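Student: Here the protein sequences line up with chains B and Z, keeping their order.
The first sequence runs contiguously to residue 262 in this note's numbering.
The second sequence runs contiguously to residue 625 in this note's numbering.
Just so you know, the hints here were simulated from the structure itself, not pulled from any lab data.
Don't take every hint at face value.
Under the rule of at most 20 Å between Cα atoms (straight-line distance), these lysine to any residue pairs were calculated in the SDA-like manner [claimed, not checked]:
no.	chain 1	residue 1	chain 2	residue 2
1	Z	K368	B	T170
2	Z	K365	B	E157
3	B	K150	B	L82
4	Z	K435	Z	E421
5	B	K150	Z	P350
6	Z	K435	Z	T445
7	Z	K365	B	T170
8	Z	K365	B	E158
9	Z	K365	Z	L352
10	B	K150	Z	T345
11	Z	K365	B	W172
12	Z	K435	Z	A425
13	Z	K365	B	W168
14	B	K249	Z	H351
15	B	K90	B	I74
16	Z	K365	B	R167
17	B	K150	B	T98
18	Z	K505	Z	A622
19	B	K150	Z	H351
20	B	K150	B	S95
Cβ pair distances, simulated, as ranges [claimed, not checked]:
no.	chain 1	residue 1	chain 2	residue 2	range
21	Z	L430	B	P86	34 to 40 Å
22	Z	Y436	B	A242	55 to 61 Å
23	B	V103	Z	E316	38 to 44 Å
24	Z	G366	B	S240	42 to 48 Å
25	B	K90	Z	L485	49 to 55 Å
Some chain Z residues well away from chain B (every beta-carbon gap over 12 Å; in silico) [said to hold, decoys possible]:
no.	residue
26	P374
27	R533
28	S596
Quick caveat: nothing in here was measured; it's all calculated off a predicted structure.
Note that the Cβ used here is the ideal one computed from N, Cα and C, for glycine as well.
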Amino acid sequence: MTARRLVDIASHAYVWFILVVFVVPFAALLVYSFTGPGGTYAIANFQYVLGSFRDNLVWSFRISGLTLLLDLLIALPAAYALVRYPFPGKRLLFSGLTLPLYVPGAVIGISLILVYNFTYHLTTSEWGLVLAMTIGTFPLMLLPIVVALKDLPTVFEEAAECLGATRWQTFWRIVFPLIGPGVSAGLMLSFIIVFNEYLVTLFVHPPNITTAPLRVFNLVRTAGLAPTTAALAVTMQLISFAAVLLFFKVFGTRYLKGTYLI
Amino acid sequence: MATVRLTNVTKRFGQTLAVDDLSLDVADGELVTLLGPSGCGKTTSLRMLAGLVEPTSGRIFFDDQDVTFVPPRSRNIGFVFQTPALFPHLSVADNVAFGLSVKGQKKAIVAPRVDQMLALVGLSDYGARLPAQLSGGQQQRVALARVLATDPRVLLFDEPLSALDRNLRDSLKYSILDLQRQTRKTAVYVTHDQSEAFAISDRIVVMNAGHVEQIGTQTDIYLHPQTPFVAEFIGATNGFAGKITATDGGAGDTGRLVVSADGLTLRCRSRGELALGDDVLVYLRPENVVVLNDGDGSGYENVVEGVIDRVIFEGPTAQLRVDVGGREIRADVSGGERLTLVERHGRVRLGFNDLTLIPARRS
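Turn these sequences into a full structure, and let the hints steer you where they fit.
Tutor: See the structure below:
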């Protein structure tokens, strides 16, 4: 056996070791979610997902949808202005807009409680929660769009304008489709974060709204880890996983470049 | 039907003067080329005509309309870029239709117009394809069709052939010229390639460092360059600085004079404003230098003798570098002639007429 072969085996072993470290917890959760009383196999755990957990999943989807919409409405014009126009204080604005990326969720939560309580009285409304999520995920929407726009040569916009298109037409008919992969990357990242976020929700959620991750958190805290709770957790994981798969299925690796222009 | 007029147009980018006091009239249906090296301000001038760049001062008119600050979309222009810039997510037909559809034209009007334009550029069967499925030359043709579909007042070309390979460049060059002639559109064409400019222009504007060096027809520019820059840029690579040492007193352009340049004595046609003792620059185009057979020299005002330094074979032509008393004179000969020259390596005699005289700048 040559030294080279030894190195080969060692590197393979290393890769498999890392893989196991990452995958084992999820696999364990999956197995546990199918565990019935007395160690039997029970698919019944998943009936709770459509039963008593259904409302929590619906809330999660609803909060995610509204947040993504709001994110997009702010990020598109912001990214366009940041990339296409020179203006004073641009770098400062960009740093400000990406700030939530570097701020811990708990800090965002406390800050929002403070602000909401004293100014907007939003602590107990659905929109308060959506706004909180938007603040937390906005940079994730902004960054891929900024990258996609930077990669998009201005010549397409110039060509459209010379052909008589207004700025509005140029944006929606040319720019938006061409930065599609960037926009979708932002949507995917933001969705996964919002859908699974429990910390910020814990701080600002109204009493009548319990999202799926918050439900998991509450159940584990009060009743320990039950197999039914594991089933909900696994479902959330599958939904997130499906979002990622869908993204790669539709856009392949094009999102890495940000645009269609490979 | 449109004329284009620029009056004293200047553009500064911060401290940089990109275009300096450019004035130009383009007649209806005329094709004018802005020719110059990169950074001479030709592209900036074109972009100001399109409205993509606003001038710092000066005015731009299409016919009698002042369009200086009119946005591109309201100028009714056709701009062909260096890259085809076809919208990659739209089919060829949708690309050609774009200019009409943003104006809210009905499908029934747009579709036949698109077919007509694609036929005009010889790509009738390509409407359903995506731009990425076309070659570079085909893409640039689609770009032409897209621009012509809107029936623009003025066509603007920004080095549309520079991204293509040589053979394509040649054929597309004449397609552009033919289309411009057929449609009788006023056109401004930017290039850094003098042969392209000579091939298609009604008039050429030679630009350098933001200002105009000379405006004239191909013949004007080729035979009578007015400045050293123009002479060198159009390929008169043999240049000598000298002084007028004798004249026969003939008036205007009919007399002859003798220039002593660096030990060479050159005879040439006089130019009105020049007098005995003036400092001049003498230019000689390599294609006007003839390699003489032994003993023959009749018909040439100037005959010099030198030693072949290098022969550079370029296919149809060959470049000869001849050492004449320590000075290099370049001569272009045919590729076939080169073969006999190689055998005759060593001393050659060169004959030439048609020297271009330019007064040396007194500074």
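Student: State for each hint whether it applies.
Tutor: Going down the list of hints, with the structure as the test:
Pair hint K368(Z) plus T170(B) holds up; C-alpha atoms about 19 Å apart against a cutoff of 20 Å. For the hint linking K365(Z) to E157(B), the alpha-carbon distance of about 16 Å falls within 20 Å, and the restraint holds. Using a Cα cut-off of 20 Å, the hinted pair K150(B) and L82(B) holds, with the two alpha carbons roughly 10 Å apart. For the suggested pair K435(Z) and E421(Z), the alpha carbons sit about 11 Å apart, so the restraint of at most 20 Å is met.
With a CA separation close to 17 Å, the supplied pair K150(B) and P350(Z) stays within the 20 Å bound. A distance of roughly 16 Å separates the Cα atoms of K435(Z) and T445(Z); the hinted pair therefore holds under the 20 Å criterion. As the CA atoms of K365(Z) and T170(B) are separated by approximately 12 Å, the hinted pair is consistent with the 20 Å bound. Distance hint between K365(Z) and E158(B) is fulfilled; the C-alpha atoms sit about 16 Å from each other, no more than 20 Å.
Between the alpha carbons of K365(Z) and L352(Z) the distance comes to roughly 17 Å, so the proposed pair stays at or under 20 Å and holds. Using a Cα cut-off of 20 Å, the hinted pair K150(B) and T345(Z) holds, with the two alpha carbons roughly 18 Å apart. Under the criterion of a C-alpha separation no larger than 20 Å, the hint pairing K365(Z) with W172(B) is consistent with the structure, at around 15 Å. Between K435(Z) and A425(Z), the direct Cα distance comes to roughly 13 Å. Compliance with the 20 Å bound is thereby established for this hinted pair.
Note on K365(Z) and W168(B): the hinted pairing holds, with a Cα-Cα distance of about 13 Å set against a maximum of 20 Å. Proximity of K249(B) to H351(Z) is assessed by CA-CA distance (about 18 Å); at most 20 Å being required, the pair is judged to hold. A distance of roughly 16 Å separates the Cα atoms of K90(B) and I74(B); the hinted pair therefore holds under the 20 Å criterion. Taking the CA atoms of K365(Z) and R167(B), the gap is about 13 Å. The hint holds against a cut of 20 Å.
For the suggested pair K150(B) and T98(B), the alpha carbons sit about 17 Å apart, so the restraint of at most 20 Å is met. Taken as a hint, the K505(Z) and A622(Z) pair is honoured in the structure, with Cα atoms around 9 Å apart against an allowance of 20 Å. Distance check on the hinted pair: K150(B) and H351(Z) sit about 18 Å apart at the alpha-carbon level, within 20 Å; holds. Between K150(B) and S95(B), the direct Cα distance comes to roughly 17 Å. Compliance with the 20 Å bound is thereby established for this hinted pair.
Under the hint 34 to 40 Å, the C-beta atoms of L430(Z) and P86(B), about 37 Å apart, fit the expected range. Checked against the given bound of 55 to 61 Å, the beta carbons of Y436(Z) and A242(B), roughly 56 Å apart, stay inside it. One distance hint, 38 to 44 Å for the beta-carbon pair V103(B) and E316(Z), holds here, with the actual separation near 42 Å. For the pair G366(Z) and S240(B), the beta carbons lie near 43 Å from each other, so the given range of 42 to 48 Å is met.
Remark: the range hint 49 to 55 Å for K90(B) to L485(Z) is upheld by a beta-carbon distance near 53 Å. With a closest Cβ-Cβ approach of about 19 Å to chain B, P374(Z) is found to remain outside the 12 Å limit, as its non-interface label requires. Taking the minimum C-beta to C-beta distance to chain B, about 44 Å, the non-interface status of R533(Z) holds against the 12 Å cut. S596(Z), annotated as away from the interface, keeps every beta carbon of chain B farther than 12 Å; the closest lies near 42 Å.
Of the numbered hints listed earlier, not one is contradicted by the structure.
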